[in-house]
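There are 4 protein chains.
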Amino acid sequence: MTETHPGAALRVAMIGHGFMGAAHSQGWRVAPRFFDLPLEPEMAVVVGRDAAKTEASARKWGWAEAATDWREVIARDDIDVVDIVTPGDTHAEIALAALAAGKHVLCEKPLANTVTEAEEMTAAADRAAAAGVRSMVGFTYRRVPATTFARDMVAAGRIGRIRQVRAEYLQDWLMDAEAPLTWRMQKDRAGSGALGDIGAHAIDLTEYITGQRVTTVSGIIETLVTERPLLGEGQGLSGTASTERGAVTVDDLALFTGRLSGGALASFEATRFRTGRKNALRIEISGSTGAIAFDLERLNELEYYDATQPETELGFRRILVTEHDHPYLAPWWPTGHMLGYEHGFSHQVFDFVTAIADGTQPHPSFEDGLHVQRVLDAVERSSASGSTWMPTDA
Amino acid sequence: MTETHPGAALRVAMIGHGFMGAAHSQGWRVAPRFFDLPLEPEMAVVVGRDAAKTEASARKWGWAEAATDWREVIARDDIDVVDIVTPGDTHAEIALAALAAGKHVLCEKPLANTVTEAEEMTAAADRAAAAGVRSMVGFTYRRVPATTFARDMVAAGRIGRIRQVRAEYLQDWLMDAEAPLTWRMQKDRAGSGALGDIGAHAIDLTEYITGQRVTTVSGIIETLVTERPLLGEGQGLSGTASTERGAVTVDDLALFTGRLSGGALASFEATRFRTGRKNALRIEISGSTGAIAFDLERLNELEYYDATQPETELGFRRILVTEHDHPYLAPWWPTGHMLGYEHGFSHQVFDFVTAIADGTQPHPSFEDGLHVQRVLDAVERSSASGSTWMPTDA
Amino acid sequence: MTETHPGAALRVAMIGHGFMGAAHSQGWRVAPRFFDLPLEPEMAVVVGRDAAKTEASARKWGWAEAATDWREVIARDDIDVVDIVTPGDTHAEIALAALAAGKHVLCEKPLANTVTEAEEMTAAADRAAAAGVRSMVGFTYRRVPATTFARDMVAAGRIGRIRQVRAEYLQDWLMDAEAPLTWRMQKDRAGSGALGDIGAHAIDLTEYITGQRVTTVSGIIETLVTERPLLGEGQGLSGTASTERGAVTVDDLALFTGRLSGGALASFEATRFRTGRKNALRIEISGSTGAIAFDLERLNELEYYDATQPETELGFRRILVTEHDHPYLAPWWPTGHMLGYEHGFSHQVFDFVTAIADGTQPHPSFEDGLHVQRVLDAVERSSASGSTWMPTDA
Amino acid sequence: MTETHPGAALRVAMIGHGFMGAAHSQGWRVAPRFFDLPLEPEMAVVVGRDAAKTEASARKWGWAEAATDWREVIARDDIDVVDIVTPGDTHAEIALAALAAGKHVLCEKPLANTVTEAEEMTAAADRAAAAGVRSMVGFTYRRVPATTFARDMVAAGRIGRIRQVRAEYLQDWLMDAEAPLTWRMQKDRAGSGALGDIGAHAIDLTEYITGQRVTTVSGIIETLVTERPLLGEGQGLSGTASTERGAVTVDDLALFTGRLSGGALASFEATRFRTGRKNALRIEISGSTGAIAFDLERLNELEYYDATQPETELGFRRILVTEHDHPYLAPWWPTGHMLGYEHGFSHQVFDFVTAIADGTQPHPSFEDGLHVQRVLDAVERSSASGSTWMPTDA
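Here the protein sequences line up with chains A, B, C and D, keeping their order. For the first sequence, the residue numbers in the UniProt record's numbering are 1 to 394. For the second sequence, the residue numbers in the UniProt record's numbering are 1 to 394. For the third sequence, the residue numbers in the UniProt record's numbering are 1 to 394. For the fourth sequence, the residue numbers in the UniProt record's numbering are 1 to 394.
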């Protein structure tokens, strides 16, 4: 059992070591240097299938050990936290084992590839919570200071009653029809395509900032390039393409409308074909007395419209979310000095470690992750049924 | 019959004199001063129901005469063109009469309030065309130089094959739940709400720039504020509110997805509740080798992304569409001197008069307007049927 | 003497018919259609040196007559207003004659090519004013609604005490070293280059919005391309180039700092070589409790920063200056519908005609124009003296 | 002597531990995790005057030891690098001692508080270089990928011949006249105010991107608030104010023009009173065939204008400088994932360590820093002499 007296070590095992592994490593390394953490994370062991590659990752990212068998690592007494950064098809098995072993679990999003898996994980997380074991899912875009501040503004009533929402996550990295087929384009590995990979962020961010849930959806998902060159040597985004081709089994584009629990409609778009948009997770929330808008491509900014100002002075203002009193920012740099993408992960570590020490439920919980999974599933069902409305929690 | 020898007069009667009347008047007055028109428009007569008000409009806007009976005016021999700027419920009757009388007709959008009316009008326009009588519908946002240039760029292949489209028309002028109930909120007068008033522009602009048609749609329309104070004294947007309330019978928000004839999906939004957005008709077209984006709130600009540039130099560029060689701009000001909203109407006059003189079909034709009407109708039918997909030309 | 009873005609003679002639004509034509003018402008006669060209301008722009001798026109009893849109070297002679003849005078900026001329003109204007004759200089950028509103905001104390100012007018139309030598590049015709042509606007706008005067300056002016092809056939910006070359005798770039009468420093830039900037008259005024920023390339917008808002909500807001209650906008279009460049001229007509009818001094007065001329002169003297500080009113 | 075989340790002592200490610590910690460094930095010892505070900094930022006597630390054999992050008045003494002791030196900007000190330091650096000892000054904004890429673009001729430059560094953190008097407002500690603190960055960035030097300057510096409350308890920006007041002995605002060695004029502004601007280091370089513009408040973006594109397609494009092939970015995140302010320091470590291992001169060199110091000095001399032009290298 994790010791939670101030300054006690919190020994972390990270399962997986792709792009997300680098980001999580940076979070574990940096958070303790800027935040006063109640426990001291130790980057104990990184786990991967390939021994040599995993060893290289351990050296590069500063993990004390490398290992190849995650079951063995989970069984160790000297591990307190299991941080899961593998593709979605393995989340359930690892998380269930880790929770059973009494380890706190941080699991990358999406929580799982299916609702059934996510339900099992949530049930296990609930049981573990009763025994003081914490679990959390990694929707880190909640932890960009500007989005957290947006949530605070909405919660404080600064935009009034929510009237409508637009949320979109726009990328274009698949616009080259000859880009190779990676695991992110295979349904059995990735669960879904743009929908689950980036649409999931748009859903979670909407639910987080509004404090409401998507209750029903109508939409369509579509694959724009249905066949791509198989990946040859290497793996990941930069792998070279072979001459053979394979089927893309996930969506490239998802367009859907959801009804929020508060009654408002929210329209969503997730795409890997929006030419020229690189990482535009954007959300705009229109309320009865104001509005807020965020764009991840300008992540240190928040647009705020205060409809209670005099009529001739109305306008979206560009707030640089870099003030000491903005969320997460007190330990960082002076005003006007920007944070990068990676510190969503630093802030995640801060929140997760704090919750472990305090014995409280961290957020987003597995239940939050399950809900997002249910929305994704409902979108797929709606699409398969001619865009008829599907409840998300049926 | 209109004389079309160079310099012959083109005598115009305008039916209606609200906000659109001011804009059309400005178009008729200004176009001949900047463009070399083959015929000379004469602002002959303006027609309204209230004699005093119409007389005042005539004086203010420079029409030679005021009249109260449009049928009489249409019957006059000394009228060549009938310009219809009344609410949508009267378009059909007036246009049919005008075409029957051999007058060229310019009709504000939407063409009509129902598909049936629009079909009759289109049939009449086709018959009239055979006799050399021209008709056109007033989607003036096609004639903002930046949107015309966008069409030219797409037609020239500068963004490649169209992959997806986002089109939205965002306003917030109804966000005050106590704003009074005007004719624009009554289905019998306006036909529909945000959908037909501004969504129609988003549809037409999409079809114009892409050169494709929306073939099927799935969507939802919704009224956010269902009851409003009845209008007391005065008329139009600035009328005062009475203490009685009436039902809003049109939509405030329309969210729909359409399939374009070329295969791509286009997602649409029309709303009068997007807090802080005043007149944001925006369209972004993503192609296989580039993208373009337009926002009416910055109407002299066009964003263009050329995906064929070197990878490290890719980016949306902000083109100031104020060059001599941009569409419509040769007779205007030097580079960098902005045009206003109103010159969509000047350009409309230029194109309409030119088509009359040349004996060619002006665009958008009544058939184009009918098609937009069919899309609007399909959206309403889809919304009423749980967002199932509806063909637009069934 | 002009009759000033309501609705009396105000007969205008415009001297000159280049680019500014088109803009002024549009102002005279359009203003009466949107504003309730106390007098009725009549576009009586346009005057130019070339009879055929002037006749063509008269027809094109709607002037009743064309004439070639401005002295004769000024001598006519049936002319009330002389509107001077010729190059700067002729302003003084025409204005002095017109004032002597008891005509109200609207004179394009810069008021004159030299301080001495401007002083004579101002003295004449003062004498004429005593006899009820009005004069005004045409710094129309004061009459963009956003700049007028900026002045109102400053005057109302909404940015507090002025701490510093940045004003710049950036163009790039001379960046092509082979662009031909027009009158705007000849000192004897144009007086100066970027300094007087566009820098004058930056100075006037600074003085107008701040309500302060530039009292001393230090700066440098420079010609970047010193020799250009002589203009062959045609005239104006679009004339073709010949094979001979001539000396550019005016500046291409002016950089200077001024001390305002309230104590703050203002830094200025006027340039025709700022690559990619087409018509960027920008001003940013930093005050003790706020700031405002304007850019003519987005002339319907004003950026406002209210430093009295809560610290976490500070930011420049983009006000769309298109509301009914914004300056000049009541008679125009609904919210969110943009005005173009040309309506500075419409608003100028409104203000000028109103002042004539009311018997009040219109602004900017010749004295205001003289002051700008003195600033321009001081900049040239400072530049010639190694950038030492020169008083503007010595 | 530092061992430079691959993988050898590079033991670093950091002198000072304020805001810059945090940033440098992060650079030393993070760089080895993303870049393949030829030597392994060890965060050996941090030095400060106050033992307890220094000890706390060591723990917080991960330095192995804390010490209070920099002379002792410099004398140690087990230190290879001295990293100086103290206020400017101590740079010279520490750097000279460190170089004399054969330590590689990384010195924060400005290099020194006076030209004389900077000259001594440069001479010492030159002597040391002969013995294989490296020195570098910390203008980290050269190492934002977008600015480095801007330099590459200019060097590759992508904007042609440089015609003019605008460089500004705008902040507003002193706009509160009651903000307390810290060392940054005292000439004996800070050397100068806005001029040296942030103007130095504008100068260095201009020289870096253009590849040219400022040869003469004319300008003015000014203190806007001349007296402030003395700092009470605490130190640094967040110290509380006492009731006594002291004189501000540095400038708040610097406005100057410089002549570049290539002939073009560059205008500069450094200010702590530009209301609403938080950290706007902006530079725009106008060339004969293009332009580039950068703003540190959007540090992952570069605006590029390619004047060789077709005339109707000209425009500033917003390049997201987040591609694998952009400078420094290969080891970081996928396209569209933003870097923060701090990684200028990571990239600085990468370049500095690489130069040490390779035995080459890192940049910016002390000589580069000396040159900036000479420009600062010339600005002060010009200001004191009525803004007459002063050579920078006299």
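The set of hints was computed from the structure by calculation and includes no laboratory data. Careful: at least some of the hints might be erroneous.
It does not matter which identical chain is used: a pair holds within one copy or between any two.
[Claimed, not checked] Cross-link-like lysine to aspartate or glutamate pairs, in silico, EDC-like; alpha carbons within 16 Å at most:
| no. | residue 1 | residue 2 |
| --- | --- | --- |
| 1 | K187 | E311 |
| 2 | K187 | D89 |
| 3 | K187 | E227 |
| 4 | K53 | E244 |
| 5 | K53 | E222 |
| 6 | K60 | E40 |
Broken hints, numbered, in rising order? 1, 4, 5
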